[in-house]
Amino acid sequence: MITASNLTKRFGDFYALNRLNCTIPEGCIYGLVGSNGAGKSTLLRLISGIYRPDGGSVAIDGQSVFDNPDVKNRLVFVPDELFFLPRSNMKRMAELYANLYERFSLEKFERLTRLFSLNPNQNIATFSKGMKRQAATILALCCNADYILFDETFDGLDPVMRNLVKTLLYDDVLERKATAVITSHSLRELEDTCDQLALLHKGGIIFESDIGNLKTSLFKVQVAFSEEYDKTKFDGVSVLSYTKHGSVASLIVRGDREQTEAKIKAMQPILFEILPLSLEEVFVFEMDALGYEFSEVLKEEVK
Amino acid sequence: MKPIIHRGYFTEVFKQLKTAGIVMSCILMMFNIAPLITNLSVRLNNRLLPVPSASSMATVMMLFVYIASLVLTFIAFNWLNRRSTSDFYHALPIKRSRIYWSTLLAVALWIAIGVTGYALVHAFLYLVTGTPFNYVVFLCVYANMLIGIIQVVGVVSLACALSGTRFVNLFSAVAILLTPRALLMILALFINSQSSFLPVTRIFFLFDPSYNIFATPYMTLIGSLADTLGNSYIASPDFCSIPAMLYSLVHACLLTFLGCIAFKRRASESAGMPMRSRFLQGAIRTAFGLLPLLLLALLILNASFVPLATAFLILFSFTVYCLYELISTKSAKRMLLSMPLYTICIGIAALYLFVPKLIVKAASLVKADADSIASFELVTIDSYDQYFDTSLSGIRIDDPEAVRICADAYQRAITSSHFDAVKRYTVRIHRKSGSDLIRNVAFTVADTNRLADLLEQNEAYREKRASYPDGTIYYQSEDMRFSEAREVAAVFRAEYEALSEKDRIAVSAHDNTPKPSRSCYLLRYSLADGINSGYGTFFVTDLTPKTAQRCAEILSKRYDEHTKDALLQAMKWMETGDHLNYSNGIVTVTKSHPDNMKIGSDMIIDFDDLHYNLRKNGTLPKDACPELYELLRILCEAELSDNAAQSVTVTIGNIYANSDYYDTLAFTGILFGNGQSELYNLKLSDEQFSRVQELFTQHMARIRRGL
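So the sequences go chain by chain: A and B. If you number the first sequence the way the working numbering does, the last residue is 313 and the count never jumps. If you number the second sequence the way the working numbering does, the last residue is 709 and the count never jumps.
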């Protein structure tokens, strides 16, 4: 389990993370989403022991990470800016990783390079951006680490490769009880991958939840009645948002779906429909509820 | 506890340095051409083989090795300067200290491979070519180099740990390594320019360039520069100084450990950033701004003050100061903010203008009269590298008369800024109070001769003079082939061993010692007793008749082979004037007075008297020196002799070869400024010899009048 408590990191006068608290349980895929400069990469660098915290602490299973090889041996970090030795090929990189990471598996490396159809003898400098990402991902997965940290990893991967990576990640999580932390500025990217999501804004986590819960506890209801009505009609229901066009009202409701359905059906509507929300819509309403403007928090996404 | 070296990481760095390491090793191997070329050149020109001195052997190669170490260390730590690489390496599951030491070991191993490979091939080549080789000195050079390498590696790793760009890495490494030494060295120069009696390199050990080995080549450069500005101080490092090596080793280790601490504390986010510590950034900036200002201060102190130069140097200093800040921080704002701090540079430079004067003044107030002196040592004797002279150091002279001479010389030294006397010495004065003083003093001719007499009664001195290091003859000079020289050396050695202590002293030349009455040759050897090495000069006299005869035979044979062309050539040189561009002179003892000759007798032309120019409009002014011309003509027409006992030995050579040593059996030598030295045995009749003497006397008179 990764625990960050009051974690603070600043660069000069700028606070990249400010008293951040979070807990990432074992065996899950944890998504960190936020706009540029929100502090996602900084958090990953702190978790991976690259940065030393200016305040607070970050620990894996209770042990501090910074300059702690025992802990660092259990994690691998794939940064947004990838590193390969000059003029090296994947074989040489695998050799490098094997020298440095105790659990690195050359067998797995051979298997995955075949799976991704990458030539291990080809100079990595000649790889496309997506191929480089694949190469970095393969090398990271071959480390057989308990914690795999991906910073914007799915950027540059085509959908086929993205799915392949995701599948491998799921395998690792399921088979080895590994934990993956993935950052992205795109909610859509993480929507179908992560078990848990946290929204980072200005150096702090402003919202954190289990994705399954999020999607089931928040839903959209479209309803119409033969008589005139307004929002007060739904006083017994937890309505986060209410809009009405003509006689049809759209409600964003938080709560138990069946109970809500029973309550509204008892009002004898002439139209009643429950629609699932996209993760983005869920976030919009949750942010609204917390007093944040979603478009401010995830600028890139809105654009 | 885990080992300090991470094998996997070490292997990786070693692999990554492969190309640079191989290139460095190959270039180092090329330095081995030097002994081959020297040997070949010497043999082709039928000249004597030079003894490899530590400085000539090492300076260029050391400079290269240090630069190579610097480059290798930079390459090894280059990952600290890029965000992506810095993140990758900092994320590795390896303790930072292990990363640091593994990296240093990989760098050190590559350098060790290169340097050891070079050393082995070097020694082998010397052995194969038969070139004289002083293994002790070589080992000293090798040790020096290794220590210097640790210094470089330590400082570069420290600089890399402190900053995040190559530019700042490089400049901070240079500043950390050289600035303290430069400041000390310049202070020494300032003190030296203010006084002749303070031997700056000896009054404070850090003024001695032998300490802090890496800085030596650079310091020599500064010393030469200062010399051109009118200072007499030139750094001359002693590569075999054990204390200096130990000091440098401690310094190197300190730098390396500081590097480790800085590395462990280094933030990965420093990659691509300038120095994180504002203080260090300011210190380095100040160092670069300060050095040109100190040059200016030196100019002012030496009264070479020129307004234009001043303006230029201040402007240059300020520009360097600002540019460094701008380039390193990439921030015009920070550059502007740093500008007022430039006054620190000016303040330090101003200190240099009066602090040295205060030091000299304070030193001149220290009194040492004959009553307060217990004994003294002669530490160095001018700049000669004589084995017996250097061995003299450590011999305490406590004879009351010698002490009085020393006290008088000391008094003259602190009251007069110039030395007019014949011999300058550095003396260590042991006072009765228990404290020591080390000062440059000057002895008069009479004092020198008296000291020489008194020294002869000093048991420790006699013992040293009678000793002759075992098996350490590296070469012998005086115009013999190397094989001949070795043969003569063997003959001489056998005869020397059979001599009494008194006679041994009589044949071993020393600056102070009376010259034996019947010496016909000089043998010069490179002697070494452990690291105490130098040249030793021995007189070949009738005390070693076999050696004298062998010398005569060899030289006559040689000049029979080569004719007297060289002598005639000397005449030609005089006529064309091409090669007589600074001096000539005659040093002699008379045939009728073969008694001991002492320094300063009428028969010796003082060194300074020889500095006149014979050349006028490119030709020898025969009419200006007809007596010299006739004298030479007689010598040129004389026949060569192969009998040591019956001939006159003539030396034609460079006056700078030290005229004192060229006095021989009856007639000594004619010394030309042709840069070479030739020794002849000539048959001269009594009439011819008398005429030569007469001409010589005339010439001496002319010299004293001035040409």
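These aren't lab readings, by the way, just hints derived from the structure by calculation. For every residue, glycine included, the Cβ atom is placed at its ideal position computed from N, Cα and C. Among the clues, some could well be false.
[Said to hold, decoys possible] Here's a subset of chain A near chain B, in silico, CB distances under 8 Å, partners left out:
1. Pro79
2. Phe282
3. Pro286
4. Ser288
[As the list claims (entries may be wrong)] Here are some chain B residues the structure puts well away from chain A; computed CB gaps all over 10 Å:
5. Gln18
6. Leu248
7. Val381
Structure-based check of each hint:
1. Pro79: Holds, about 4 Å.
2. Phe282: Status violated, d = 54 Å.
3. Pro286: The hint is violated - A/Pro286 has no Cβ within 8 Å of chain B, the shortest such distance being about 39 Å.
4. Ser288: Result: violated, 34 Å to nearest chain B Cβ.
5. Gln18: Contrary to the label, B/Gln18 does not stay out of reach of chain A, its closest Cβ about 7 Å off (not over 10 Å).
6. Leu248: Fine: 33 Å to the nearest Cβ keeps B/Leu248 off the interface.
7. Val381: Per Cβ check, B/Val381 is outside 10 Å of chain A; nearest 52 Å; holds.
Taken one by one, the earlier hints fail for this structure at numbers 2, 3, 4, 5, listed in ascending order.
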